Amino acid sequence: MSILEYNGAAMIAMAGKNCVGIASDRRLGMQAQTVSCNFQKVFPMGDKLHVGLAGLASDVQTVHQLLEYRLNLYELNEEREMSPQVFSTLLSNVLYSKRFSPYFIEPIVAGLDKDNKPFLSGSDLIGATVIADDFVVAGTCTGNLHGMCETLYKPDMGPDQLFETLAQSLLAATDRDALSGWGGIVHIITAEGIVTRELKGRMD
Amino acid sequence: MGDSAYSFSLTTFSRTGKLLQIEYALNAVANGRTSLGICTKDGVVIATDKKLSSPLVDVNHVHKVELVTPSCGFVYSGVGPDYRVLVRKARKSSQSYSLQYGEVQPVSQLVKETASVMQEYTQSGGVRPFGISLLVAGADGDGTPRLYQVDPSGAYFGWKATAIGKNYVNAKSFLEKRYQEDMELEDAIHTALLTLREGFEGEMNCDNIEVGVVRGGKFSVLTPAQIQDYLDEAN
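In order, the protein sequences belong to chains A and B. Position 31, counted from 1, in the first sequence is what this note's numbering calls 31; the numbers after and before it change by one each time, with no gaps. Position 197, counted from 1, in the second sequence is what this note's numbering calls 197; the numbers after and before it change by one each time, with no gaps.
These are computed hints drawn from the structure, not numbers from a lab. Just so it is clear, the structure is predicted and the values come from calculations on it, not from any experiment. Keep in mind that a hint or two might mislead.
For lysine-lysine, the following DSSO-like pairs were computed, each having C-alpha atoms within a straight-line distance of at most 30 angstroms [unchecked claim]:
{"no.": "1", "chain 1": "B", "residue 1": "K166", "chain 2": "B", "residue 2": "K89"}
{"no.": "2", "chain 1": "A", "residue 1": "K117", "chain 2": "B", "residue 2": "K218"}
{"no.": "3", "chain 1": "B", "residue 1": "K89", "chain 2": "A", "residue 2": "K98"}
{"no.": "4", "chain 1": "A", "residue 1": "K114", "chain 2": "B", "residue 2": "K50"}
{"no.": "5", "chain 1": "B", "residue 1": "K89", "chain 2": "A", "residue 2": "K117"}
{"no.": "6", "chain 1": "A", "residue 1": "K154", "chain 2": "A", "residue 2": "K114"}
{"no.": "7", "chain 1": "B", "residue 1": "K92", "chain 2": "A", "residue 2": "K114"}
{"no.": "8", "chain 1": "B", "residue 1": "K177", "chain 2": "B", "residue 2": "K92"}
{"no.": "9", "chain 1": "A", "residue 1": "K114", "chain 2": "B", "residue 2": "K112"}
{"no.": "10", "chain 1": "B", "residue 1": "K160", "chain 2": "A", "residue 2": "K98"}
{"no.": "11", "chain 1": "B", "residue 1": "K218", "chain 2": "B", "residue 2": "K41"}
{"no.": "12", "chain 1": "B", "residue 1": "K218", "chain 2": "B", "residue 2": "K18"}
{"no.": "13", "chain 1": "A", "residue 1": "K114", "chain 2": "B", "residue 2": "K160"}
{"no.": "14", "chain 1": "B", "residue 1": "K89", "chain 2": "B", "residue 2": "K177"}
{"no.": "15", "chain 1": "B", "residue 1": "K166", "chain 2": "B", "residue 2": "K18"}
{"no.": "16", "chain 1": "B", "residue 1": "K51", "chain 2": "B", "residue 2": "K92"}
{"no.": "17", "chain 1": "A", "residue 1": "K98", "chain 2": "B", "residue 2": "K50"}
{"no.": "18", "chain 1": "A", "residue 1": "K98", "chain 2": "A", "residue 2": "K17"}
{"no.": "19", "chain 1": "B", "residue 1": "K41", "chain 2": "A", "residue 2": "K114"}
Listed next, the stretches of chain A that the computed footprint assigns to chain B, with coverage defined by at least 3 CB atoms under 8 angstroms from CB atoms of chain B [to be verified]:
{"no.": "20", "stretch": "89-103"}
{"no.": "21", "stretch": "144-150"}
Facing chain B, from chain A, some residues (calculated, C-beta under 10 angstroms) [to be verified]:
{"no.": "22", "residue": "I3"}
{"no.": "23", "residue": "Y6"}
{"no.": "24", "residue": "N72"}
{"no.": "25", "residue": "S83"}
Ideal Cβ placement from N, Cα and C applies to all residues, glycine included.
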């Protein structure tokens with residue numbers, strides 16, 4: 001059993017036309033046993049940036065707190081918002097600084113830059129980052145997630161279509177994974193604001 | 001750092017509440033060659049008197065205006081060797097910033113860092129304050145041009161236009177008369193050269209002054225040929 005599969009997770013971030021969406025499941029398990037169906041794995045970092053953390057739950061919470069600390073100090077000192085590109089670089093450096101005793105998480109970053117252009121990135125547990133223009137996935141069923149996204153994704157979707165695509169991809173992928181699912185949550189970020197919807201899915 | 005015999009701070013308060021070492025450092029600055037800067041809405045110019053002690057000195061190997069980040073540069077008045085140490089530290093710290101955040105360090109952050117270093121040297125054992133005041137020209141996080149002065153105490157100020165070093169009082173009143181809110185960078189460069197010439201001993205030419213410019217968010221040091229063009233226009 002890999003430490004990254006102890007608690008279970010599934011998440012997707014996808015780009016649309018002048019919008020991004022990020023979705024995750026809500027299960028917190030301890031191997032086979034399910035402990036919670038409303039565990040938060042996607043965290044807002046400002047009005048136009050979200051970070052999703054898949055992996056060991058303890059590290060999910062710790063890294064979230066660390067990122068918030070760094071982001072807040074940056075915004076206080078620099079008197080400006082942190083752009084998604086800078087956030088992604090920062091996250092990569094935070095993870096690499098623990099190269100030899102890593103945080104057991106796989107993050108994805110979704111945001112809009114100052115011109116409201118979508119930004120997506122994902123990385124491994126030691127900070128190797130990949131920037132994508134369509135979608136990024138993370139969790140215990142990435143094979144399923146990649147397959148669903150590749151099939152359902154189209155470029156330049158509007159916010160409503162983006163929501164549908166994210167929801168269907170997430171639900172279908174987690175239905176075939178024992179360790180993830182038990183509910184879902186989708187955030188759609190546009191220049192106007194963030195719309196959050198909860199998904200009703202198979203609770204098994 | 002330092003011998004145990006020098007483990008106390010050399011910068012200690014006097015009875016009247018002054019830090020005399022800092023005052024003396026400011027005297028060293030006031031004896032240094034004049035430097036000035038002007039900040040406009042589309043750029044910043046900094047300039048300094050580079051008059052050297054003898055015509056035998058190879059002028060090309062002396063640099064007073066230095067690039068620190070691609071969008072920011074320094075110039076100084078005071079003790080040259082102290083300046084070089086600060087430029088090195090500032091370059092290193094701005095590279096750390098770039099490594100951390102993947103972006104060029106904005107001038108306001110660079111100034112805070114550098115000022116913090118200068119302040120440390122007023123409150124540590126076995127060291128003395130830096131004998132220089134810095135003029136920092138750069139672009140901020142949102143691209144706005146900015147001019148800052150940093151003193152030996154670590155205090156820093158944002159300026160529209162200022163001068164430091166010998167003759168700074170006259171230079172500042174000259175600048176005060178000529179500064180306009182809607183000035184453009186080209187006007188500012190002319191005004192900077194005129195102000196420098198006011199207090200210049202002897203003839204001013206492209207080899208005994210140095211000029212740095214922030215234009216379009218990028219800092220560059222003007223070549224002697226470029227300075228000569230501006231001087232020719234001014235005549």
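Quick one, are A/K114 and B/K112 close enough, alpha carbons at most 30 angstroms?
holds (25 angstroms)
Could you grab the alpha-carbon distance between B/K160 and A/K98 and see if it respects the 30 angstroms cut-off?
Measuring from Cα to Cα gives roughly 44 angstroms; hence the hint is violated.
Given the hinted pair B/K218 and B/K41, is their alpha-carbon gap at most 30 angstroms?
holds (14 angstroms)
Against the 30 angstroms threshold, does the CA-CA distance of A/K114 and B/K160 hold or violate the hint?
holds (28 angstroms)
Per the CB criterion, is A/I3 less than 10 angstroms away from chain B?
violated (27 angstroms)
30 angstroms limit on alpha-carbon distance, applied to hinted pair B/K92 and A/K114:
holds (29 angstroms)
Does A/K98 pair with A/K17 here, judged by a C-alpha cut-off of 30 angstroms?
violated (36 angstroms)
Holds or violated: B/K89 to A/K98, with C-alpha atoms at most 30 angstroms apart
Status holds; Cα separation ~26 angstroms.
A/Y6 as an interface hint toward chain B, with CB separation required under 10 angstroms:
Because about 31 angstroms separates A/Y6 from the closest Cβ in chain B, which is outside the 10 angstroms limit, the hint is violated.
Is the straight-line distance between the alpha-carbon of B/K166 and that of B/K89 30 angstroms or less?
holds (26 angstroms)
Pairwise hint evaluation, B/K18 against B/K218, where the allowed Cα distance is 30 angstroms at most
violated (39 angstroms)
Holds or violated: B/K51 to B/K92, with C-alpha atoms at most 30 angstroms apart:
Roughly 29 angstroms separates the two Cα atoms, so the pair holds.
Violated hints, in rising order: 4, 5, 8, 10, 12, 14, 17, 18, 21, 22, 23 and 24; the structure is consistent with all others.
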